[in-house]
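Asker: Given the structure of chain P, go ahead and fit chain C onto it with the hints provided.
Number of protein chains: 2
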Amino acid sequence: MSGTLHLVGVGPGDPELLTLKAVRILGAALVLAYPATGEDSALALDIARTHLNPAATRLPIAIPMTLERGPAQAAYDAGAETILSHLRADRDVAYLCEGDPLFYSSAMYLLTRVAGQAPVCVVPGVTSLTAAAAAIARPLAARNEILKILPAPLPDETLRAELAAAPAAAIIKIGRHFDRIRALLGETGHAESAIIVEHATTAKQRITRLADFAHDERPYFSTILCYSGAETWGNREQGE
Amino acid sequence: MSGTLHLVGVGPGDPELLTLKAVRILGAALVLAYPATGEDSALALDIARTHLNPAATRLPIAIPMTLERGPAQAAYDAGAETILSHLRADRDVAYLCEGDPLFYSSAMYLLTRVAGQAPVCVVPGVTSLTAAAAAIARPLAARNEILKILPAPLPDETLRAELAAAPAAAIIKIGRHFDRIRALLGETGHAESAIIVEHATTAKQRITRLADFAHDERPYFSTILCYSGAETWGNREQGE
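Top to bottom, those sequences are chains P and C.
Numbering of the first sequence is given in this note's numbering, commencing with residue 139 and proceeding in unit increments.
Numbering of the second sequence is given in this note's numbering, commencing with residue 139 and proceeding in unit increments.
This is chain P alone, in the form it adopts within the complex (with noise of 0.2 Å):
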């Protein structure tokens, strides 16, 4: 007898943005897991806040901020024991994570940890790349052009050659790489057309041109979106 981990994404950040299968199973669910990266701060928690069973056990998963990965992992390993006790009482448990649980997700950790040894089901979510473009209602890319994302932590020679060949690019996990990133944009030929959607779908959601982005501030939960044809795209497109 087991339960099953129900890995659920809330999406980008609107709530509106929930699917209908997030709401039922966060409705139902009895013990509600997230990822909390202080007292107060768990965005999944909170773009979800009004559909949470309200009787259900909540159990935060604090990851430290640190630049080691240890210390994250570690909070895994015992998040992933309290929600195998769980499971093995044969209660369900619904883990909520921001966007879709297999993209670039924390889902990601626990799934490694509870696959195995107990059932898993994935509700995926809307990502915050589909979020991007939409905010700036622009295709991800065009007809049958690749698209490549790329994480900011990568080194810089693999994103340098990436970018320089890339007719479509979506830059994640931006954070502390901000002044990299937007030096091999420069470099590879996307400062003018590189846009920066910032807090997409949410209250906070804020679009700015690389070229325009004042130079003392850093972007946080953005995307960069990049496009080799970004001023010609409906061009392009117009006369197919």
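Be aware that one or more of the hints could be misleading.
Note that identical chains are pooled: a pair holds if it fits in a single copy or bridges any two copies.
When the alpha-carbon atoms are kept at most 20 Å apart in a straight line, the in silico SDA-like pairs for lysine to any residue are as follows [claimed, not checked]:
1) LYS311 - PRO291
2) LYS342 - CYS259
3) LYS311 - LEU181
4) LYS311 - ASN282
5) LYS311 - ARG344
6) LYS311 - ARG281
7) LYS311 - HIS224
8) LYS311 - ALA280
9) LYS311 - GLN255
10) LYS342 - SER223
11) LYS311 - ALA216
12) LYS342 - GLU219
13) LYS342 - LEU222
14) LYS342 - VAL161
15) LYS311 - SER179
16) LYS342 - LEU183
17) LYS342 - ARG226
18) LYS342 - ARG207
19) LYS311 - GLU336
20) LYS342 - PHE359
21) LYS342 - TYR358
22) LYS311 - GLU355
23) LYS342 - ASP230
24) LYS311 - GLU283
25) LYS342 - GLU283
These are calculated hints, taken from the structure and not from any lab test.
Only a predicted model underlies this, so the values are computations on that prediction, with no experimental measurement involved.
Answerer: Positioned in the frame of chain P, the structure of chain C alone reads:
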């Protein structure tokens, strides 16, 4: 005075994967436009069927399934004109599309034709990409890996180069390109690990390892997911 064109993603197939926002907009829309590929074939409409305003005017855009692009583009021209006539009469229009409107969707053809003439609002949806990952309960990419989205109609040499260097890739728009794609995956070392997900999140969902796919079949409405470290993914992350 102008109505607004809402480009509404209805998700990958499961009607429960519509967002609350999509449900609200489709329930209120007085004009519903959608791509139709045959007399009774309008997948986006089928997905959203239970959430549509029953009093709405229906506006199918019949897309000829030809290899030349001219006839389809003419259909979008005509569809956009009809949509614009409603918008100019101050009626909002909702255009339904599978998945997300800006992730390789036909919605881009309407966006280019209507943007600049009327307000356009995009409602992002769950993509077939993350739905396919959910179906096999495996992340699309590991922590800081690049993810490449590769449309199957691209030339062999482009796909070969990208696949050879890809830690993680998703191949979309497979259709009649399946034999080419299978050969290219074999050449680039992905024959063993690639997984085909058809009709993700629907009753017709089918998951098959590429190596096990019967040679006389062709996968439809499918995504192929590749991982260079497929079989060791769990182990790779375990120790982190």
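Asker: Next step is simple, just say for each hint if it's right about the structure.
Answerer: Hints, verified against the model:
Proximity of LYS311 and PRO291 under a CA criterion of 20 Å is satisfied intra-copy only: 7 Å inside one chain copy versus 30 Å between copies. Taking CA atoms no more than 20 Å apart as the test, LYS342 paired with CYS259 passes between copies only; the shortest distance there is 18 Å, against 32 Å inside one copy. Taking identical chains as interchangeable, the C-alpha atoms of LYS311 and LEU181 lie at most 20 Å apart only when both belong to the same chain, with a minimum of 15 Å there against 34 Å between chains. Within a single copy, LYS311 and ASN282 get their C-alpha atoms only as close as 26 Å, which misses the 20 Å cut-off; across copies the closest is 9 Å, which meets it.
Taking CA atoms no more than 20 Å apart as the test, LYS311 paired with ARG344 passes inside one copy only; the shortest distance there is 17 Å, against 33 Å between copies. When the C-alpha separation of LYS311 and ARG281 is checked against a cutoff of 20 Å, the pair qualifies only between copies, where the shortest distance is 10 Å, while the shortest distance within a copy is 26 Å. When the C-alpha separation of LYS311 and HIS224 is checked against a cutoff of 20 Å, the pair qualifies neither within a copy, at 32 Å, nor between copies, at 41 Å. For the homomeric pair LYS311 and ALA280, the shortest alpha-carbon distance between copies (13 Å) is at most 20 Å, but the shortest distance inside one copy (24 Å) is not.
Proximity of LYS311 to GLN255 under the C-alpha cut-off of 20 Å is found in neither arrangement, the shortest distances being 30 Å within a copy and 35 Å between copies. In this homomeric assembly, LYS342 and SER223 never come within 20 Å of each other (Cα to Cα): the closest approach is 38 Å inside a single copy and 34 Å across copies. In this homomeric assembly, LYS311 and ALA216 never come within 20 Å of each other (Cα to Cα): the closest approach is 25 Å inside a single copy and 41 Å across copies. Neither within a single protomer nor between protomers do LYS342 and GLU219 lie at most 20 Å apart by alpha-carbon distance, with minima of 36 Å and 35 Å respectively.
Taking the closest pair of Cα atoms, LYS342 and LEU222 never come within 20 Å of each other, the shortest separation being 36 Å inside a single copy and 31 Å across copies. When the C-alpha separation of LYS342 and VAL161 is checked against a cutoff of 20 Å, the pair qualifies neither within a copy, at 23 Å, nor between copies, at 24 Å. Taking the shortest Cα distances, LYS311 and SER179 sit within 20 Å of each other inside one copy (18 Å), while across copies they are farther apart (40 Å). Taking the shortest Cα distances, LYS342 and LEU183 sit within 20 Å of each other inside one copy (17 Å), while across copies they are farther apart (33 Å).
Neither within a single protomer nor between protomers do LYS342 and ARG226 lie at most 20 Å apart by alpha-carbon distance, with minima of 41 Å and 31 Å respectively. Taking the closest pair of Cα atoms, LYS342 and ARG207 never come within 20 Å of each other, the shortest separation being 29 Å inside a single copy and 40 Å across copies. In this assembly of identical chains, LYS311 and GLU336 lie within 20 Å of each other by CA distance solely inside one copy; the values are 12 Å within and 30 Å between copies. Within a single copy, LYS342 and PHE359 get their C-alpha atoms as close as 10 Å, which meets the 20 Å cut-off; across copies the closest is 36 Å, which misses it.
Taking CA atoms no more than 20 Å apart as the test, LYS342 paired with TYR358 passes inside one copy only; the shortest distance there is 11 Å, against 40 Å between copies. In this assembly of identical chains, the alpha carbons of LYS311 and GLU355 lie at most 20 Å apart only when taken from the same copy (16 Å versus 40 Å across copies). For a Cα distance limit of 20 Å, the shortest separation of LYS342 from ASP230 qualifies neither inside one copy, at 34 Å, nor across copies, at 26 Å. For a Cα distance limit of 20 Å, the shortest separation of LYS311 from GLU283 across copies, 12 Å, qualifies, whereas the shortest one inside one copy, 23 Å, does not.
For the homomeric pair LYS342 and GLU283, neither the shortest alpha-carbon distance inside one copy (31 Å) nor that between copies (28 Å) is at most 20 Å.
When each numbered hint is compared with the structure, violations occur for hints 7, 9, 10, 11, 12, 13, 14, 17, 18, 23, 25.
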